[in-house]
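With chain A held as given, fit chain B onto it using these hints.
Residue numbers (the numbering used here), protein chains in the order written: chain A, 70 to 526; chain B, 115 to 597.
A few of these clues could be false.
Calculated lysine-lysine pairs in the DSSO-like style (CA-CA distance at most 27 Å, straight line) [stated by the list, open to error]:
#1 B:Lys248 <-> A:Lys330
#2 A:Lys332 <-> B:Lys248
#3 B:Lys257 <-> B:Lys239
#4 A:Lys289 <-> A:Lys429
#5 A:Lys330 <-> B:Lys257
#6 A:Lys429 <-> A:Lys292
Covered stretches of chain A, going by a simulated chain B footprint (3 or more residues, C-beta under 8 Å) [to be verified]:
#7 103–114
#8 154–165
Label pairs and their computed distance ranges (CB to CB) [to be verified]:
#9 A:Leu525 <-> B:Gly530: 30 to 36 Å
#10 A:Arg180 <-> B:Thr459: 48 to 54 Å
#11 B:Asn568 <-> A:Asp281: 35 to 41 Å
Please keep in mind that the hints were generated in silico from the structure rather than gathered at the bench. Just so it is clear, the structure is predicted and the values come from calculations on it, not from any experiment. Here a beta-carbon is modelled for each residue, glycine too, at the ideal position from N, C-alpha and C.
Here is what each chain is made of, one letter per residue.
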Amino acid sequence: MPARPIDLAAVATRVLDRLPSGVEGDVRVRSEGWTTMRFANGHIHQPHVEESRSVSLRVAKDHRLATATTTDTSPAGLGRVVREAVALASIAPVDARVGPFPVDGRPRPVRYSRATASLAPEAVGRIAAGALEAAGADVEGQRVSGAVHAGSQTIAIANTSGRSVSGIRTASQASILVERPADEPPVSGWAEGSHWDAAKLDAARLGREARDRMPRTAPKAAKPGRYRVLLGGAAVQELVGFLAHLGFSGHGEEEGWSCLKGKRGTRLFPEELRLTDDGRSPLGLPAAFDEEGTPKRRLALIDHGVVGPAVTDLVTAGHLGARLTGHALPPESPYGEWGPVPTSLILTADHGASPEELAKILGNGLIVTRFHYVRIVHPARGVITGMTRDGTYRVRHGEVVEPVRNLRFTQSIPETLRHAEAWGRERGRYSDERGVQSVTCPALVCGRFQFTSATLF
Amino acid sequence: MDDVVRAALRAALTSGIAYADVRVLAPQRFEALAVRNGEASALTATSGAGVGVRVRTERAWGFGTVADPSAAGARTAARLAVRAAHAAEPTCRRPIAVVPSRGPENGRYETRLRRNPFDVDRAEKLGLLRDAEKALHVGPEVKSGHASMQAWEQVTRFGSSEGVGFTSRIVHVGAGVDATAAAHGEVQRRSGPNSFGGDYGQAGYEFIEALALGERAPTVGQQAVALLDAPSCPSSAATTVVLATDQLALQVHESVGHATELDRILASEAGFAGTSFLAPADRGSLRYGSEGMTIVADATEPNGLGTFGWDDEGCPAVRTTLVDRGRLVGFLTNRETSAALGVPTSGATARAGGFDRAPLIRMTNVDLQPGDRSFEELLEGVREGVYFETNRSWSIDDKRLNFQFGTEVGRTIVRGELGPLVRNPIYAGMTPQFWGSMDAVGDASTWHLWGIPNCGKGQPIQAARVGHGAPAARFRNVRVWGG
Numbered sequence: 070m071p072a073r074p075i076d077l078a079a080v081a082t083r084v085l086d087r088l089p090s091g092v093e094g095d096v097r098v099r100s101e102g103w104t105t106m107r108f109a110n111g112h113i114h115q116p117h118v119e120e121s122r123s124v125s126l127r128v129a130k131d132h133r134l135a136t137a138t139t140t141d142t143s144p145a146g147l148g149r150v151v152r153e154a155v156a157l158a159s160i161a162p163v164d165a166r167v168g169p170f171p172v173d174g175r176p177r178p179v180r181y182s183r184a185t186a187s188l189a190p191e192a193v194g195r196i197a198a199g200a201l202e203a204a205g206a207d208v209e210g211q212r213v214s215g216a217v218h219a220g221s222q223t224i225a226i227a228n229t230s231g232r233s234v235s236g237i238r239t240a241s242q243a244s245i246l247v248e249r250p251a252d253e254p255p256v257s258g259w260a261e262g263s264h265w266d267a268a269k270l271d272a273a274r275l276g277r278e279a280r281d282r283m284p285r286t287a288p289k290a291a292k293p294g295r296y297r298v299l300l301g302g303a304a305v306q307e308l309v310g311f312l313a314h315l316g317f318s319g320h321g322e323e324e325g326w327s328c329l330k331g332k333r334g335t336r337l338f339p340e341e342l343r344l345t346d347d348g349r350s351p352l353g354l355p356a357a358f359d360e361e362g363t364p365k366r367r368l369a370l371i372d373h374g375v376v377g378p379a380v381t382d383l384v385t386a387g388h389l390g391a392r393l394t395g396h397a398l399p400p401e402s403p404y405g406e407w408g409p410v411p412t413s414l415i416l417t418a419d420h421g422a423s424p425e426e427l428a429k430i431l432g433n434g435l436i437v438t439r440f441h442y443v444r445i446v447h448p449a450r451g452v453i454t455g456m457t458r459d460g461t462y463r464v465r466h467g468e469v470v471e472p473v474r475n476l477r478f479t480q481s482i483p484e485t486l487r488h489a490e491a492w493g494r495e496r497g498r499y500s501d502e503r504g505v506q507s508v509t510c511p512a513l514v515c516g517r518f519q520f521t522s523a524t525l526f
Numbered sequence: 115m116d117d118v119v120r121a122a123l124r125a126a127l128t129s130g131i132a133y134a135d136v137r138v139l140a141p142q143r144f145e146a147l148a149v150r151n152g153e154a155s156a157l158t159a160t161s162g163a164g165v166g167v168r169v170r171t172e173r174a175w176g177f178g179t180v181a182d183p184s185a186a187g188a189r190t191a192a193r194l195a196v197r198a199a200h201a202a203e204p205t206c207r208r209p210i211a212v213v214p215s216r217g218p219e220n221g222r223y224e225t226r227l228r229r230n231p232f233d234v235d236r237a238e239k240l241g242l243l244r245d246a247e248k249a250l251h252v253g254p255e256v257k258s259g260h261a262s263m264q265a266w267e268q269v270t271r272f273g274s275s276e277g278v279g280f281t282s283r284i285v286h287v288g289a290g291v292d293a294t295a296a297a298h299g300e301v302q303r304r305s306g307p308n309s310f311g312g313d314y315g316q317a318g319y320e321f322i323e324a325l326a327l328g329e330r331a332p333t334v335g336q337q338a339v340a341l342l343d344a345p346s347c348p349s350s351a352a353t354t355v356v357l358a359t360d361q362l363a364l365q366v367h368e369s370v371g372h373a374t375e376l377d378r379i380l381a382s383e384a385g386f387a388g389t390s391f392l393a394p395a396d397r398g399s400l401r402y403g404s405e406g407m408t409i410v411a412d413a414t415e416p417n418g419l420g421t422f423g424w425d426d427e428g429c430p431a432v433r434t435t436l437v438d439r440g441r442l443v444g445f446l447t448n449r450e451t452s453a454a455l456g457v458p459t460s461g462a463t464a465r466a467g468g469f470d471r472a473p474l475i476r477m478t479n480v481d482l483q484p485g486d487r488s489f490e491e492l493l494e495g496v497r498e499g500v501y502f503e504t505n506r507s508w509s510i511d512d513k514r515l516n517f518q519f520g521t522e523v524g525r526t527i528v529r530g531e532l533g534p535l536v537r538n539p540i541y542a543g544m545t546p547q548f549w550g551s552m553d554a555v556g557d558a559s560t561w562h563l564w565g566i567p568n569c570g571k572g573q574p575i576q577a578a579r580v581g582h583g584a585p586a587a588r589f590r591n592v593r594v595w596g597g
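Same shape as in the complex, but just chain B:
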């Protein structure tokens, strides 16, 4: 345990403080490069460092943070945390119980990477973006082309008053392209390999190279243009839909990931993000979906944005099954909610959006396991339906039941074959019914681990980078229309 962590712990462990943990993040780096229409749109290098201290009295938590990673800054953060806890305490009536962290005394975790993205020559990176952006402009209808890449590096030193300590260095990268086409009053946008700025992973620059943005870009531009004259998605109150892996990843995120967060279920998030349709007693009994639905939260998965050695409470990364063949069997938990649930160990999903945010229950890599159908076999069973690819719009109610998603492109499916593009496709449903209607799940050839960089939660708001593995899959009796 280093001097800064020790200084914070010493300052925190004052009268009435039963526990403290300290995260020193130095550095916390971010680089964003983007090219729009041949011009630079955002070239940004951010370097921050600071300390976040969390304390617990018998009944109250407190969190304090200062953007100063020195011992003096750490002591200030600790004092703020103590004041926060004492300010909260008069409203708190029940003792706080937690399960053991089972963390190491001196652990080390480091992202495995071949090319450190911060060491790659920026001219090389910008060259890649320039070429990809240029390739988006397949015709005069493309009014705006955009290519971007991001890299994050976070070096964390963690220590707790229970003697747990570790150092981790995590690197995330991502990149993507998008084209906005406009003609005769219509505007359409197409992205690749995904919306939200592309695809992301815990890796080095080799991940960005493998995305092959330059090869992907002409198709993205062509589809943006083609969508301008594509017919609107046909309407149906109950048809068959096939979701591409990228859209199904977001479906998992919204209707399973958030719904199984135990802090939401226990109403800790009720005033902001909402609660869940699930209850603690549903574990082991609730039918979430069809037999083909098995979902795990896996913080040990290689290359995931939700992969780490220990979470921000010092608990070792684990793989937890949330839904087993359609039945709810687990939740996303931290030390406190595990104790509330009566289970002996934490699900290790406490993650903080930076040194200046307290850890909350966040998704790690929440994956739908692949099934046994090829993509062609998913289509084979469809007489008439719609294929949805790449999320454009997403919304779900505050118990994670009623959802509505739109995608950038759709295709009609007629007698087992993909038809032409349709634009503004939307589908909607209710979570358990929708997952219950999944009658075929794509095999490993349709499965991909996506990175989603912008999951918002908490007050003050914090963004988490999370992973979602998903295959393509088929759902029956789904309402669809063109927006």
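Just chain A, same shape as in the assembly:
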């Protein structure tokens, strides 16, 4: 659903024009329109249509930084946000290491979908209805849940150094769960995907995949312990997303809790493995620049197994004495405290295998469809924990022999990638509901993966 148009760049200019002499600043003016059709028990139960607009102003006065935001874009509202930010900055502690607002680089346009940006709620409802039907929402004993999201964010960013950029990004995402809840234990199948063009999301295909992936037999108990695993794309994206924060945040590097601190420039992972952050790539969900307006560039985070640099924003670049990489989050975001994070991740590897070949390479082990409720156990070691969910299978001699009940893993992400033995030829595209972070990645065979307990279903 498109938000009502306003001239965002003009608003940004009006904000900067109001700054008092001697005060520097950067401003983000956003206009967003999103529709979510959330379904459960076979019908859409939480349809949500949203139009929003906001202004985020960060100012620097004598190396004192502060941010104020508002949803009020009237002249009075803009005046208030300027006064608020300046008043906050006047009492802020000095942060002398932060450099001037950046100006270099001009972002080139990236791919987006005009049709996705103007998708009506009725159209998103039809996509969700198609997914429900394909997943078998009407089949007796079957329960279908999930969501379809689509929309866009238009943003203009300007600063007092002379930078002025604007752009649009679009995103669509769908996830579908099919269950037979009366089975003992219940069985389920899952599929998810993202695309910057909702026309290419194909939620109905995801519905069919989720239905077809549902096990035909009851899951058996599996003992916790160390296994060889074939992690499906949805599981790999979770690991990669956490590694982006735990291993590549400039803030983690600065504070010492990055699990890759001290390992940059060394080969830690298999030579075939490459992890890039590429906001411009249409393989992910493209965005032309970060929240400071710095153009997105392709950055090698893991290059043929060698660990690359931590990413930065204005503050962490100043603190680390490093170059600006263009990974700023909104300064008012609660995640801003976590510092800059790669948000356009693409995992690639040479010599990808087919799903059948991956099962053969796995030999004896477990296939994991996806993880649930993953949380950090020890950041500096990159250790996380979580559950398997919606399809875990035992493989013997390269053949799937039975579904198994869910297990809890507690595992280091760097260790998982270090023991990667094979990866899929095909890659899936995954993201959060509004495409703030996207991960494009294949399935992956890992030789050592620790499951620490089991649950009842």
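Showing chain B alone in chain A's frame:
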């Protein structure tokens, strides 16, 4: 009922719309101040305002929202809600039933506070944070000190097509400190008075002053440093653990609060957060835990983050018993799920994360009631065990059964005495067995009402601020290890 609410209701009540409610939030303010290593890390003032409109046809809900609190914005939000409902309707087969809201025509609720946090001089607030942060740096091993405080103010005007209306002004505050220490390849973090940015309450600035961050900070810094050389938590397949009040609050949140949300139980959240091991028929019969386990959801509790006059469906705040002496007796409900359960009134737990989010079943203040043991008496019965304090890591399966929690610090317990610190302590279990193994519950002197500011649920995701009162308590035969 004011003009903006009326404008939205008029625009919403078009053909086929059986019900509408409107929330105008103006203002919705947030202030975050933080100091890291003597430098400002986040000084942010956020001021938003907007309208959220929810409508219901015979079979479908719809929600629309616009960041514009004017009458024009309200009409737009209403039209979006109507379109959302009509878009959903072709997939909906069953009529929607709800219980009455029993809300007021013109209610008023306001947080009682002595010092409005938004009126306190920011220099005073930053001074408090600077001093506290400085006090964390007890040695060169402390690589990062961090002190922060937050304040929220939310003024809501609610009106529904059933004639229910109220105005509320709710203020939440919170603050905390944390230190990250590093040496010889080890990194440890310690927080106070809790992780998740400290402790929070519905109160004024006096709540932050009472936290005494400056006095607390040196101990936090010292423990962060001490943890660097502390031994790893010993492993045991079945030992006795004593959980501090802060960790037990999160245990309640994850393994009771979410598990008793009736929308999860009825599979409304199945595709995202998951369901529950509970079923509606378990009410009144299921053994959740030991006799010492009584848990209430109390939206009337003073100072709680989950305290209000009426929920975001206009239902009056209530106190509901969820678990009575170990037996499941209630759920967290809203108008629709109460009707599905066949009970006459809502549990009044429909809460929205802002004007731009639809109300969902959320925890209010979900509290474990205190028992009769002093902290020393909890330890007395322990020949060998581990004490866990301040959550660091939390994860639980999608039916809220298998959990694993890590805390910032542990201490061995030997013959009834707390021993030295151990690092990276983790415990794990299965929900009913774990609560069934609770053999002693701390008294009121060990009990504290905590605020948790970041409970995530729903799509689009929304954060709720919820309260949890918990004492310390003792559990037998628990698996523990060092992570």
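Outcome of the hint check:
1. B:Lys248 <-> A:Lys330: 26 Å, holds
2. A:Lys332 <-> B:Lys248: 31 Å, violated
3. B:Lys257 <-> B:Lys239: With Cα atoms ~23 Å apart, Lys257 of chain B and Lys239 of chain B stay inside 27 Å; holds.
4. A:Lys289 <-> A:Lys429: This hinted pair holds, its Cα atoms lying about 22 Å apart.
5. A:Lys330 <-> B:Lys257: 14 Å, holds
6. A:Lys429 <-> A:Lys292: Given pair Lys429 of chain A, Lys292 of chain A holds - Cα atoms ~22 Å apart, limit 27 Å.
7. 103–114: Result for this restraint: holds, n = 12.
8. 154–165: holds (count 9)
9. A:Leu525 <-> B:Gly530: 30 to 36 Å: The hinted range 30 to 36 Å holds for Leu525 of chain A and Gly530 of chain B, with Cβ atoms some 35 Å apart.
10. A:Arg180 <-> B:Thr459: 48 to 54 Å: Once the Cβ atoms are compared, 52 Å apart, the range 48 to 54 Å for Thr459 of chain B and Arg180 of chain A holds.
11. B:Asn568 <-> A:Asp281: 35 to 41 Å: 37 Å, holds
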